[in-house]
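A.B. asks: When you get a sec, could you build the whole thing from the sequences and use the hints?
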Amino acid sequence: MGNPRLNNESRKGDHLQPTDKKEEIELVALCHQGHDTGFTALYNKYARPVYNAICRIISHTGEAEDILQESFYHAFSDIHRLQNAASFGSWVHRIALNRSITHLRKRKIVFSDNGGLEVADEEGYDLEADNLFDCRVEDVKQAIEQLPQGYKTILNLYLFEDIPQEEIAGMLGISHSTVRTQYHRAKKKVIQSLKDRYHE
Amino acid sequence: MNDPLKKFVKQHREAFDQLEPPTGVLQRLQTQLQAESARPEPATKHRISWGHRRTTWLVAASLLIGLVCAYLLFDGGRIPSHNEPQIVHQPVERAPLIAETPVTAQAEIPVELPAAEPQPQEARHTVVHREPAPAPLAVRLADSTSASTRLAAILEIEQSGRIDGHLLAMLSETMNRDGNTNVRLAALDVLSRHIDDPQVADLLATALTGQDDPLVQLGIVRIAAQLDHVGIDEALFAVARSPYTFEAVKDEAYAVLLYQEKL
Chain A
379 MGNPRLNNES RKGDHLQPTD KKEEIELVAL CHQGHDTGFT ALYNKYARPV YNAICRIISH
439 TGEAEDILQE SFYHAFSDIH RLQNAASFGS WVHRIALNRS ITHLRKRKIV FSDNGGLEVA
499 DEEGYDLEAD NLFDCRVEDV KQAIEQLPQG YKTILNLYLF EDIPQEEIAG MLGISHSTVR
559 TQYHRAKKKV IQSLKDRYHE
Chain B
-3 MNDPLKKFVK QHREAFDQLE PPTGVLQRLQ TQLQAESARP EPATKHRISW GHRRTTWLVA
57 ASLLIGLVCA YLLFDGGRIP SHNEPQIVHQ PVERAPLIAE TPVTAQAEIP VELPAAEPQP
117 QEARHTVVHR EPAPAPLAVR LADSTSASTR LAAILEIEQS GRIDGHLLAM LSETMNRDGN
177 TNVRLAALDV LSRHIDDPQV ADLLATALTG QDDPLVQLGI VRIAAQLDHV GIDEALFAVA
237 RSPYTFEAVK DEAYAVLLYQ EKL
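Heads up: the protein sequence lines correspond to chains A and B, in order.
For the first sequence, counting from 1, position 146 maps to 524 in the working numbering; every step adds exactly one.
For the second sequence, counting from 1, position 224 maps to 220 in the working numbering; every step adds exactly one.
Hints listed in this document are in silico derivations from the structure and should not be mistaken for laboratory results.
Check the hints yourself; a few may be wrong.
As the list claims (entries may be wrong) - No farther apart than 25 Å at their CA atoms in a straight line, the calculated lysine-lysine pairs in the DSS-like style are these:
| no. | chain 1 | residue 1 | chain 2 | residue 2 |
| --- | --- | --- | --- | --- |
| 1 | A | Lys423 | B | Lys6 |
| 2 | A | Lys519 | A | Lys566 |
| 3 | B | Lys2 | A | Lys566 |
| 4 | A | Lys573 | B | Lys6 |
| 5 | A | Lys519 | B | Lys3 |
C.D. replies: Okay, structure coming up:
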């Protein structure tokens, strides 16, 4: 479940402008009072990024829709647990991510742990790789989508949600070295996929 | 940071969030939240006011505890009255009655003895006044239906502070024959308070060998340690040597004899 005190909470909260923070605090206060406007405004504000985050992990849109609803429902139900009212967005985001990971586990998707035996495939990208990223967002999206589920989850959490690798390891119940190795492999695969696409 | 992929994602972050959330979700969410708040204890408010709820529970719990304490304090006298306190009260009122008519009480009540004619009236009388004035001691001591009644009778004897041959005989009978060990021990206790009475020593000496309850027998042996009576010594030897004596009783008897340097 989402923890109101998130490590990256303050980081994300810092991105908010003071007026946004004030507005968010007011909206959360409205939710505390049970006002519908508070719920609706917060949903409208965060539904899209949360939905996209879920869809990046759960490809199935029908299931993503359910997780979106559940995440907001639990966020609103447990809003009294939110200690920093200005970080509602981060909170609901984390709830959604945790629920998505739980959903993957239910689908028997295992995040395998290398047990630190494998050495991380460090760096070593060819210079050509930099040029590849002149490509379109859609191509990158597709390349990521083609990754195996484990790689895709780690890559998405690290790249899009900005979660540190140590924290990803904790969320998935695997070691930090495994996360690092799998991330580099995922990245290699994406680059390779983009290369293939452009060399066709 | 040599991570072109991360760089690319950062540069085009917004472009990656192109999917629009399904339109029906907000409506369903609102319905769900409304349904929740329509419940007697809405989840949101319910959880928000958890502190208040806990306080309410604490108040309720303390009220309950208070009620129980009040009940025990004010009504407590009645609860044990079924057992012991009533026993304590009764003897004070009825002791004189017994003392005034000890002979009639002895003659009329016991089942073993032929009932004397004039006393049935008294017996009926006691039946009529059963609630205010309980049955005579002998009747109560012979009441096989209630150990507490017998205990009450023994306590009454003890509190009256008077003892005579008949009461001693009744107590001895109770000590040797009663079906309840506690009643037997109570009778022994009363007898032990009149240890200076030679009749009591005789009764104890007789009871020592005839006693079939090891607990009571042990009690008698311990009391016998304070007595200097020939009959007691013989009884102690008999108990100590009897193969049927309970081991603990035997040990105690030996200990008493050893202590008195009679071995």
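A.B. asks: Please go over all the hints and tell whether each is borne out by the structure.
C.D. replies: Hints, one by one, checked against the model:
Only pairs whose Cα atoms come within 25 Å are accepted, and Lys423(A) paired with Lys6(B) is accepted, the gap being roughly 21 Å. Restraint check: the Cα-Cα separation between Lys519(A) and Lys566(A) comes to about 14 Å, which is no more than 25 Å; the hinted pair holds. Between Lys2(B) and Lys566(A) the alpha-carbon distance is near 12 Å, which keeps this suggested pair within the 25 Å criterion. Proximity of Lys573(A) to Lys6(B) is assessed by CA-CA distance (about 20 Å); at most 25 Å being required, the pair is judged to hold.
Taken as a hint, the Lys519(A) and Lys3(B) pair is honoured in the structure, with Cα atoms around 14 Å apart against an allowance of 25 Å.
Comparing the model with each earlier hint shows no violations; every hint is respected.
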